[in-house]
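Knowing the structure of chain C, use the given hints to seat chain R on it.
Chains C and R supply the protein sequences, listed in that same order. Quick note on this note's numbering: the first sequence kicks off at 1 and runs consecutively. Quick note on this note's numbering: the second sequence kicks off at 163 and runs consecutively.
There could be a bad hint or two in this list.
Stated by the list, open to error - Heads up, simulated BS3-like pairs for lysine-lysine below, C-alpha to C-alpha not over 27 angstroms straight-line: (1) C:K118 to C:K102; (2) C:K41 to C:K79; (3) C:K79 to C:K100; (4) C:K28 to C:K62; (5) R:K329 to C:K118; (6) C:K65 to C:K28; (7) C:K43 to C:K118; (8) R:K371 to C:K79; (9) C:K28 to C:K144; (10) C:K94 to C:K148; (11) C:K65 to C:K118; (12) C:K102 to R:K386; (13) R:K329 to C:K43; (14) C:K79 to C:K108; (15) R:K254 to R:K402; (16) R:K371 to C:K100; (17) R:K329 to C:K41; (18) C:K100 to R:K386; (19) C:K108 to C:K65; (20) R:K400 to R:K386; (21) C:K94 to C:K108; (22) R:K448 to R:K365; (23) R:K329 to C:K79; (24) C:K62 to C:K148.
What the hints assert, rightly or not - Residues from chain C that keep clear of chain R, each with C-beta distances beyond 12 angstroms, as calculated: (25) K94; (26) L110; (27) G116; (28) E117; (29) K118; (30) E123; (31) A141.
Keep in mind that the hints were calculated from the coordinates and are not lab data. Even for Gly, the Cβ is constructed at its ideal location relative to N, Cα and C.
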Amino acid sequence: MKLRNILAVAALSGLVLMSAKGGDEEMKITDACKRNETIEKVKTEIIPFRYDKTTTTKVMFKGYKQSIQVAVPIFYDSKYKFVINTEGLPYGVKVTIYDKPKNISSSKILYEGAEGEKQIVFELPSTYDRTRIYVDYDIPASEKADTKEKGCIVLGAGYENI
Amino acid sequence: MKLKNKSLFLVPALAFAVACGDSGQDAATTTTSADDVATEAIESVENVDMEDEPDFLIPSALQISTIFQNSGLTYVEGLTNDPANVSNYVSKYSKMLNFGSYTADMFYSVLNDQSQMSIEYLRSIRQLSEETGMASIFNTGPIFERFEQNIGDRDSVINIMLEFQEKTDIYIAENGEEHNAMTIFTGAWVEGMFIGFDGLQNKPTEELKGRLIEQMSILPNLIKGVDYQPNQTDESAKLKEHLVGIQTYFDGIEGLLNKEEYTMDLSVLTDENINELSTRIQEARKFVVGS
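So here's chain C without its partners, still in its complex pose (with noise of 0.2 angstroms):
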């Protein structure tokens, strides 16, 4: 009896040594933005229209999917063209944009990109009659269970009355 209790205790404390030198154990961390080269490339594709800004999107995966949006103000009476590249990524994400948030049952989609695509040019007419767009992207799940991928999404924003 006494001897299985000292056998119970040494094995649990190998459990807890080995879960221990787990936890010391390095992630690996991959990082696919490439910020700077993106908005250049953005910028360009911008062209006629008067570049006004971008933003980046920081993508963190994970093990499953997931869904972010960016609200985007729009000033009426303004043409806009919107360029969304998703080079910084390591996995394909789709771009779909709504006219409401797209869990409003009465959303509407303006545009739906393919998965996979990675420069996605869109124009809003003048006459669009809200105050908002809604860009969302649908982000796969991480496929390393070893790494921590990260990566980045650059919206870029011109009009044309200026």
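Same frame as chain C, now just chain R:
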């Protein structure tokens, strides 16, 4: 008159510009310990309530200035914040807010061909950038010198301003300071609206009125931006009070809000409404610039 934008869906968008927190120069591979992962996991849990809300793309102050300009807003001497006030701003928060207010004033001056004032505003902005740890915006290229050299060439100056705006955005993104981007934009927005409402009072046009009311759609995001400041202070609380006061009054105008959507029907706005909005914006502006 009704705006073409008949409605604004009132989803409370997260009032941060979405931006990369890392350098983003090149694709990179690094390693981290399990402890680092654990820390990030805790941060994720803390932020979980924000995940369902869309991020918000901060519009450019230059675009807003341009919209007002194209709506007939004319230059009024002495209306803008005195560039010499730059030394009055002590806290980092007030410096950030007035980085924004001076940016709006600079755009207003440039678009109205006020060369000397434009240079003075850029000088004040540069000083504030140095005092808030953002000197690299000006140090990565001779923005100030090129601005001075090209001051008579409006198109070149606008391109330099866009470059300045981009460098500011990149600095913010690389340093994970999105909350500061929102503070800067709030300062610019308040100053821009102050100038716009002053123009409306002096020379009322339906076009300018429409453009000013349109800008109100951004206000809920600015208020959320104050909430997401990592360091809440008396200053940020006071600013929020001003912004909420404007929003509450605006939402209370009969006929303007229908269920969750603004009708954006300008015909429901009385002179009294415009005067009250103008007064509230003046008060917010007084708080921001200090005079």
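Taking the hints in turn, this is what the structure says about them:
1. For the hint linking K118 (chain C) to K102 (chain C), the alpha-carbon distance of about 22 angstroms falls within 27 angstroms, and the restraint holds.
2. Proposed proximity of K41 (chain C) and K79 (chain C) is supported: the alpha carbons are some 21 angstroms apart, at most 27 angstroms.
3. Taking the CA atoms of K79 (chain C) and K100 (chain C), the gap is near 19 angstroms; set against the 27 angstroms cutoff, the hint holds.
4. Our distance criterion of 27 angstroms between C-alpha atoms is met by K28 (chain C) and K62 (chain C), whose separation comes to about 14 angstroms.
5. A C-alpha spacing of about 25 angstroms is found between K329 (chain R) and K118 (chain C), which places the hinted pair at or below 27 angstroms, so the restraint holds.
6. With a C-alpha separation of about 20 angstroms, the suggested pair K65 (chain C) and K28 (chain C) falls inside the 27 angstroms cut-off, and the hint holds.
7. Pair hint K43 (chain C) plus K118 (chain C) holds up; C-alpha atoms about 15 angstroms apart against a cutoff of 27 angstroms.
8. Straight-line distance between C-alpha atoms of K371 (chain R) and K79 (chain C) comes to about 20 angstroms, which keeps the hinted pair within the 27 angstroms bound.
9. In summary, the hint linking K28 (chain C) to K144 (chain C) is supported, as the alpha carbons are separated by about 10 angstroms, within the 27 angstroms threshold.
10. For the given pair, K94 (chain C) sits about 21 angstroms from K148 (chain C) by alpha-carbon distance, which is consistent with the 27 angstroms threshold.
11. The suggested pairing of K65 (chain C) with K118 (chain C) holds, with an alpha-carbon distance near 19 angstroms, which does not exceed 27 angstroms.
12. Using a Cα cut-off of 27 angstroms, the hinted pair K102 (chain C) and K386 (chain R) holds, with the two alpha carbons roughly 21 angstroms apart.
13. A threshold of 27 angstroms between alpha carbons decides the hint, and for K329 (chain R) with K43 (chain C) the separation of about 14 angstroms falls inside it, so the pair holds.
14. Only pairs whose Cα atoms come within 27 angstroms are accepted, and K79 (chain C) paired with K108 (chain C) is accepted, the gap being roughly 19 angstroms.
15. For the proposed pair K254 (chain R) and K402 (chain R), the alpha carbon gap of about 17 angstroms is at most 27 angstroms, so the pair holds.
16. Our distance criterion of 27 angstroms between C-alpha atoms is met by K371 (chain R) and K100 (chain C), whose separation comes to about 25 angstroms.
17. A hinted pair counts as satisfied when its Cα atoms are at most 27 angstroms apart, and K329 (chain R) with K41 (chain C) qualifies at roughly 16 angstroms.
18. The straight-line distance between the Cα atoms of K100 (chain C) and K386 (chain R) is roughly 19 angstroms, inside the 27 angstroms bound, and the hint therefore holds.
19. Simply put, K108 (chain C) and K65 (chain C) have alpha-carbon atoms about 22 angstroms apart, close enough for the 27 angstroms limit, and the pair holds.
20. Restraint check for K400 (chain R) and K386 (chain R): the C-alpha separation of about 14 angstroms stays at or below 27 angstroms, so the hint holds.
21. At most 27 angstroms may separate the alpha-carbon atoms for a hinted pair to count; K94 (chain C) and K108 (chain C) meet this at roughly 16 angstroms.
22. Between K448 (chain R) and K365 (chain R) the alpha-carbon distance is near 22 angstroms, which keeps this suggested pair within the 27 angstroms criterion.
23. Straight-line distance between C-alpha atoms of K329 (chain R) and K79 (chain C) comes to about 25 angstroms, which keeps the hinted pair within the 27 angstroms bound.
24. Only pairs whose Cα atoms come within 27 angstroms are accepted, and K62 (chain C) paired with K148 (chain C) is accepted, the gap being roughly 8 angstroms.
25. With a minimum CB-CB distance of about 17 angstroms to chain R, K94 (chain C) clears the 12 angstroms threshold, and the non-interface call stands.
26. With a cut of 12 angstroms on Cβ distances, L110 (chain C) stays outside the contact zone with chain R, its closest approach being about 14 angstroms.
27. For G116 (chain C), the requirement that its beta carbon stay farther than 12 angstroms from each beta carbon of chain R is met, with the minimum near 18 angstroms.
28. The beta carbon of E117 (chain C) is kept farther than 12 angstroms from every beta carbon of chain R, the shortest such distance being approximately 19 angstroms.
29. Every CB of chain R is more than 12 angstroms from the CB of K118 (chain C) (nearest about 15 angstroms), matching its label as outside the interface.
30. Every C-beta of chain R lies more than 12 angstroms from that of E123 (chain C), the closest at about 17 angstroms, which supports listing it as non-interface.
31. Distance to chain R confirms A141 (chain C) as a non-interface residue, since its nearest Cβ pair spans about 16 angstroms, more than 12 angstroms.
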